[in-house]
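All chains, please: the whole structure from these sequences, using the hints.
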Amino acid sequence: MSAPALAIIGCGNPNRRDDGAGPQVVSLLKRRSLPAGVALFDAGTDGMAVIYRARGAARLVIVDARRPEGAPGTVYEVPGEVLAAPPPQSFNLHDFRWDHALYAGRKLYGEGFPAQVRVFLIEAASLDFGLGLSPAVAAAAESVAERIARLAEAGGAGAVA
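Residue numbers (the numbering used here): 1447 to 1607.
Read the hints as simulated data drawn from the structure, not as lab findings.
Backbone N, C-alpha and C define an ideal beta-carbon position, used for all residues, glycine too.
Among the clues, some could well be false.
[Claimed, not checked] Pairwise CB distance ranges (calculated):
#1 E1599 / Q1535: 33 to 43 Å
#2 E1523 / A1482: 16 to 26 Å
#3 F1575 / A1504: 18 to 28 Å
#4 G1556 / P1581: 19 to 29 Å
#5 E1515 / G1558: 33 to 43 Å
#6 A1482 / A1517: 13 to 23 Å
#7 P1581 / A1504: 31 to 41 Å
In C-alpha cells form, the structure reads like this:
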C-alpha cells in the first residue's frame, strides 16, 4: 500500500463527550466521495498512531477538540509551522499526544514526514464522561468536515476559506 498524498487524522475520545469531535469529523468525511490519495484515520487518543498514519504522506490534517476555555464550537485553524516547537514534556511517559507526534515524527523521519500540516481544533463544551457531541460542537464538526473536503479537493493542506 502506498503512502497517501493527504492523511486526515481525527484525534479524541468519543466517550468524553466533545472530545469525540476529531473522530466525528473523520466519520463524516468517510460518507463523502473524496479524491484518490486521501486517507482517513481515527487515531483515538493514541499519539503514536498519528506518527504511523502520517509517515510518508505528503500532507497532513489533524482534527481534535480543544479544552473548553471560550465559546463552544469555535474552530481554530492552526498551520503546522506554528506547532514546530517541542511540546512541554509530561511526567508520564505514556502521555504522548498528537502534538508530541508531530515533533517526534519530524525528528525521526525528516523528509519522510509531512511538511505541510494543518490542525483544526474545535472548542469543546464538555469533556465529561458521556456519549455524543454538544449541539455547538456537532455543528462545528460538520463545518470542519466541509472545509477539509474542500481542502482535499483543492489538493493541499493549506488554509481553506
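Okay, the hints, checked on the actual structure:
no. : hint                      : verdict
1   : E1599 / Q1535: 33 to 43 Å : holds, 39 Å
2   : E1523 / A1482: 16 to 26 Å : holds, 25 Å
3   : F1575 / A1504: 18 to 28 Å : violated, 38 Å
4   : G1556 / P1581: 19 to 29 Å : violated, 43 Å
5   : E1515 / G1558: 33 to 43 Å : holds, 35 Å
6   : A1482 / A1517: 13 to 23 Å : violated, 37 Å
7   : P1581 / A1504: 31 to 41 Å : holds, 36 Å
Of the hints listed earlier, those the structure fails to meet are numbers 3, 4 and 6, in rising order.
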